[in-house]
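Chemist: Heads up: the sequence lines are chains A and B, in that order. Just so it is clear: in the first sequence, position 64 is 63 by numbering that gives the first Met the number 0, and no numbers are missing. Just so it is clear: in the second sequence, position 66 is 65 by numbering that gives the first Met the number 0, and no numbers are missing.
Derived from the structure by calculation, the hints contain no laboratory data. Do not take every clue at face value.
Identical chains blur together in the list; that is why a pair holds if it fits in one copy or across any two.
Claimed, not checked - Listed next, the in silico DSBU-like pairs over lysine-lysine satisfying Cα-Cα at most 30 Å (straight line):
| id | residue 1 | residue 2 |
| --- | --- | --- |
| 1 | K32 | K97 |
| 2 | K61 | K48 |
| 3 | K19 | K2 |
| 4 | K23 | K97 |
| 5 | K97 | K48 |
| 6 | K61 | K51 |
| 7 | K97 | K61 |
| 8 | K2 | K32 |
| 9 | K19 | K97 |
| 10 | K2 | K97 |
| 11 | K62 | K23 |
| 12 | K48 | K2 |
| 13 | K51 | K19 |
| 14 | K61 | K32 |
| 15 | K48 | K32 |
| 16 | K2 | K51 |
The chain contents come next:
Protein chains: 2
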Amino acid sequence: MSKPTETERCIESLIAVFQKYSGKDGNNCQLSKTEFISFMNTELAAFTKNQKDPGVLDRMMKKLDLNSDGQLDFQEFLNLIGGLAIACHDAFLLASQKRF
Amino acid sequence: MSKPTETERCIESLIAVFQKYSGKDGNNCQLSKTEFISFMNTELAAFTKNQKDPGVLDRMMKKLDLNSDGQLDFQEFLNLIGGLAIACHDAFLLASQKRF
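If we strip away everything but chain A, and leave its shape as in the complex, we get:
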């Protein structure tokens, strides 16, 4: 097999990260709230450590959990990653508009 492209590596990473955290307890195909908090505090610590409001992860989990089953499935997890990517992309565009 040839070397994976950047996009293929990224798809692989998203699956691997989801499986790593969703496999910690209970249902392997879902992130429980404890697993979600563990994911956020480890993988996105740059985001969580600047949050002064202790309720922010609670509210994020509720907002992401579209079917309100108290768990995040892979689609709900991807909505989080997509939302963060869009926020970063918008911030980048804004910064480049200011610069030029």
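Given the coordinates of chain A, assemble chain B onto it according to the supplied hints.
Modeler: Relative to the frame of chain A, chain B by itself:
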């Protein structure tokens, strides 16, 4: 700054890949159809080279282009990546169910 986590690297990659292909012609914040085809044939060649139907990229572009402006914005591009990740994740789950 500390080393980025796998999730942070992935978000960064998604933005970098989108900017690389959307910057090839015209509007820098949108993938034109030519740019989309170039992205698919380069980054996801493992998928496109097995497609015998020449109309498949045409139909994918139409389906992804939610606002029908003939271009894919970053959100529409992320829907493609998300869709592919979910298909891979489902295939993986199916394969592991068969195995055990």
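Chemist: State whether the alpha carbon distance between K48 and K32 is at most 30 Å within one copy, between copies, both, or neither.
Modeler: within (18 Å within a copy, 41 Å between copies)
Chemist: Can you tell me if K97 and K48 fall within 30 Å by alpha carbon in one copy, between copies, both or neither?
Modeler: This pair counts as within: shortest intra-copy Cα distance 27 Å, inter-copy 41 Å.
Chemist: Should K2 paired with K51 be assigned to within, between, both, or neither, using CA atoms and 30 Å as the limit?
Modeler: So K2 and K51 pass the 30 Å test across copies only (23 Å; inside, 42 Å).
Chemist: What label fits K61 with K48 when the C-alpha limit is 30 Å: within, between, both, or neither?
Modeler: within (20 Å within a copy, 41 Å between copies)
Chemist: When Cα atoms must be at most 30 Å apart, do K62 and K23 count as within-copy, between-copy, both, or neither?
Modeler: within (22 Å within a copy, 36 Å between copies)
Chemist: Between copies, within a copy, both or neither: which fits K32 and K97 at Cα up to 30 Å?
Modeler: between (39 Å within a copy, 29 Å between copies)
Chemist: Given a CA cutoff of 30 Å, do K2 and K97 count as a within-copy pair, a between-copy pair, both, or neither?
Modeler: For K2 and K97, only the inter-copy Cα distance (28 Å) is at most 30 Å; the intra-copy one is 38 Å.
Chemist: I want to check one pair: K19 and K2. Are their C-alpha atoms no more than 30 Å apart within a copy, between two copies, both, or neither?
Modeler: Both: 23 Å inside a copy, 19 Å across copies.
Chemist: Give the relationship of K23 and K97 under a CA distance limit of 30 Å: within one copy only, between copies only, both, or neither.
Modeler: between (44 Å within a copy, 22 Å between copies)
Chemist: Within a copy, between copies, both or neither: which one fits K19 and K97 at a CA-CA cutoff of 30 Å?
Modeler: Between. Shortest inter-copy distance 21 Å satisfies the 30 Å Cα cut-off; intra-copy 39 Å does not.
Chemist: First find the shortest C-alpha distance between K2 and K32 inside one copy, then the shortest across copies, and answer within, between, both or neither for a cut-off of 30 Å.
Modeler: For K2 and K32, the Cα distance is within 30 Å only across copies (26 Å; inside one copy 36 Å).
Chemist: From the Cα coordinates, with 30 Å as the cut-off, is the pair K48 and K2 best called within, between, both, or neither?
Modeler: between (36 Å within a copy, 16 Å between copies)
Hint compliance for this structure: hint 7 is the single one not met.
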